[in-house]
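K.L.:
The listed protein sequences correspond, in order, to chains A and B. Numbering of the first sequence is given in this note's numbering, commencing with residue 405 and proceeding in unit increments. Numbering of the second sequence is given in this note's numbering, commencing with residue 405 and proceeding in unit increments.
If you are wondering where the hints come from, they were derived from the structure by calculation, not from laboratory data. Hints may be right or wrong, so weigh each one.
No copy labels: a pair is met if it fits in one copy or bridges any two.
What the hints assert, rightly or not - Only pairs whose alpha carbons sit at most 20 Å apart, straight line, appear in this in silico PhoX-like list of lysine-lysine: (1) K511 to K701; (2) K614 to K563; (3) K488 to K511; (4) K649 to K614; (5) K615 to K649.
Protein chains: 2
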Amino acid sequence: MSIEAGETIRSKLAYTRRPESAVSSQSQTDIPITLIGLGTIGISFASLYLKHSEATISIYDPRPDLQEHVKSILPGYLDVKDAKELVQTYLTNGRLRICSSVEEACKEAVIVQEQTAENVTLKRLIWKQVVDTVSPEAHLWSSTSGIPASQQVAELEDKSRLLVVHPFNPPHIMPLIEIVPSPHTRPEETEFARSFFSALGSDHQPVVIKKEVPGFVGNRLAFVLLREACHLVSEGVVSVEDIDKVVEASIGPRWAVTGPFKSYHYGGGTRGLGAFFHNLSGTIEDIWDTAGTESFKSSSFLTEAKQAGEGDSNPSKSWADVVVEQTREAYGMPTPADFAKRDEALKKLLQARNTKTG
Amino acid sequence: MSIEAGETIRSKLAYTRRPESAVSSQSQTDIPITLIGLGTIGISFASLYLKHSEATISIYDPRPDLQEHVKSILPGYLDVKDAKELVQTYLTNGRLRICSSVEEACKEAVIVQEQTAENVTLKRLIWKQVVDTVSPEAHLWSSTSGIPASQQVAELEDKSRLLVVHPFNPPHIMPLIEIVPSPHTRPEETEFARSFFSALGSDHQPVVIKKEVPGFVGNRLAFVLLREACHLVSEGVVSVEDIDKVVEASIGPRWAVTGPFKSYHYGGGTRGLGAFFHNLSGTIEDIWDTAGTESFKSSSFLTEAKQAGEGDSNPSKSWADVVVEQTREAYGMPTPADFAKRDEALKKLLQARNTKTG
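Next up, chain A with everything else stripped away, as it sits in the complex (with noise of 0.2 Å):
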């Protein structure tokens, strides 16, 4: 299959839209994907191609309870009655293979993508294993957080080809998928990734990036604000539980609706974000000036007697130990339980933002 051919693609993709039947048990090999990492970010993905495509689904973990892993926690992401039986359907079928190395689940992939640990020795070890294998065709994404394409492609020799395709946790709920290309990445590559996605009827929302940036787009915005958060926490301005409430009855269900730029256009009327900015420029700078500079370089919070548990008798706590104090304070500890009702929150919030225009 040629990349460059728009019409193949197309074809190709037609595949991945899911029939209005229940979710079919009939092998689809046309665009075989392959998942190498199967944490809970590859266990999401797995299911969000097994509800959205007709994709056969390869996967590989080194780990040696894979198959009891994979039986135990797909079903929870399939959103289905009966997903236990569903799953080993499609093991019996064929759909979804369970694969011993890197090899066997490579051999017909024609998307191959890695979520392994955040260790760029790694990522560059596992692609040098999978362009020994792969058709030189195949497209190479890695969901990392963090490692840029143009670090992963260093030791191979076509660097062409590989991208990161970074989602926002749990990528088979939340629509937002980062496709970020390295400068050696070519643009056919990134134009099949983003119409991978938007052909996928998931409502998943594909944003091209088009430079590498530490941390992409979205955890960028998002850590800013973490840091002032922090910062007032930090400063007695607010508790940890108050910023949390600010957040949810504002900015938050605000920019699940219109994002900042949309926002602040509205915010100055009928002259637009012009008009925002003459106005508020003032209070804005005002804010920037005074902005929070916290930091874990200068924090003892990271520190190996913090880490052996010795920091709650630490007289001088530093901004990180009482913001996470605060928290589980305000939370408790995270509980599967936890998870699962923020899942279903999140998808009924997400329901009634995608039929707004509807």
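Here the structure of chain A is known, so what remains is to put chain B in place on it, guided by the hints.
P.N.:
Quick look at chain B alone, frame taken from chain A:
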């Protein structure tokens, strides 16, 4: 009415609960509320109190067409059938009083709330007029977005009963109310305001901010994120429209359900926020180290040439020009129909969110 008498407050607040029957046209003078300044924020608060309390609302604004303005704009905020007739009924039976001076509006007030222009001299003048008229026990609220109570009370003898009640626009839809006392504010005043909004039954979320900081809390969090968003657009990493897509598909819906601390607490799995920080501190620190430091001070955006509309021919565009132009190209100029569509989408989303644990 003594604000210290908890029983009295509770009995007064009982009247703020809307009965199960339709919006009552009965005049209920128990907690008369005065609104000074009837721009969009004032009209929105008027509609909130008319819908969710039995209070008599007295309004004052120096605009000469106040009566016509209220009659034409307020019905759109009430979200009921025959809203125009309802407003007329309120005007006739005295539930809604249009006044021609601060003195007339404040005579019977138990709560005086101002949302005039963001000008400290103006606000000080208004509060002088107000305290000369109202009962010494009246509660004084300012819905400023940027001028802290401590600045507003500078020339008042009794500095103890004024605080900021900062909404998120539009207040009749968005749940957040930031209650920001000054160091002079009596704790009972803070508690009264908090109880008032909790008791409205409108799903509003009052949050007490413990210290006055520029922009309070919600806007601080939002504007540090906006700075990074402007930086990424200015650097060509991503377009304005794609920033909005990223946020609408990730942190917007996520934070509508679980605020940032709870989200990252869950992000650390069953070991919580401490584990999240340990795992991600490298990525987080990289982002903090490379975050944008855009400023209006170093931008040509606010020069007079720009304001006179000569900006487009300027060969060296400021980051703000780039952002404003891209936003206009992406969305066109906002129209009242856009605002109405956004408000409907917000109401639908909040409804889905609020019933999540029901």
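K.L.:
Each hint should be assessed against the structure and marked as holding or not.
P.N.:
Evaluation of the provided hints:
Proximity of K511 and K701 under a CA criterion of 20 Å is satisfied in neither setting, with 45 Å inside one chain copy and 58 Å between copies. In this assembly of identical chains, the alpha carbons of K614 and K563 lie at most 20 Å apart only when taken from the same copy (17 Å versus 53 Å across copies). In this assembly of identical chains, the alpha carbons of K488 and K511 never lie at most 20 Å apart, being 27 Å within a copy and 70 Å across copies at closest. For the identical chains of this complex, K649 and K614 are inter-copy neighbours only, at 14 Å across copies versus 34 Å inside a copy, given an alpha-carbon limit of 20 Å.
When the C-alpha separation of K615 and K649 is checked against a cutoff of 20 Å, the pair qualifies only between copies, where the shortest distance is 17 Å, while the shortest distance within a copy is 34 Å.
Hints 1 and 3 from the list above are not met by this structure, while the remaining hints are.
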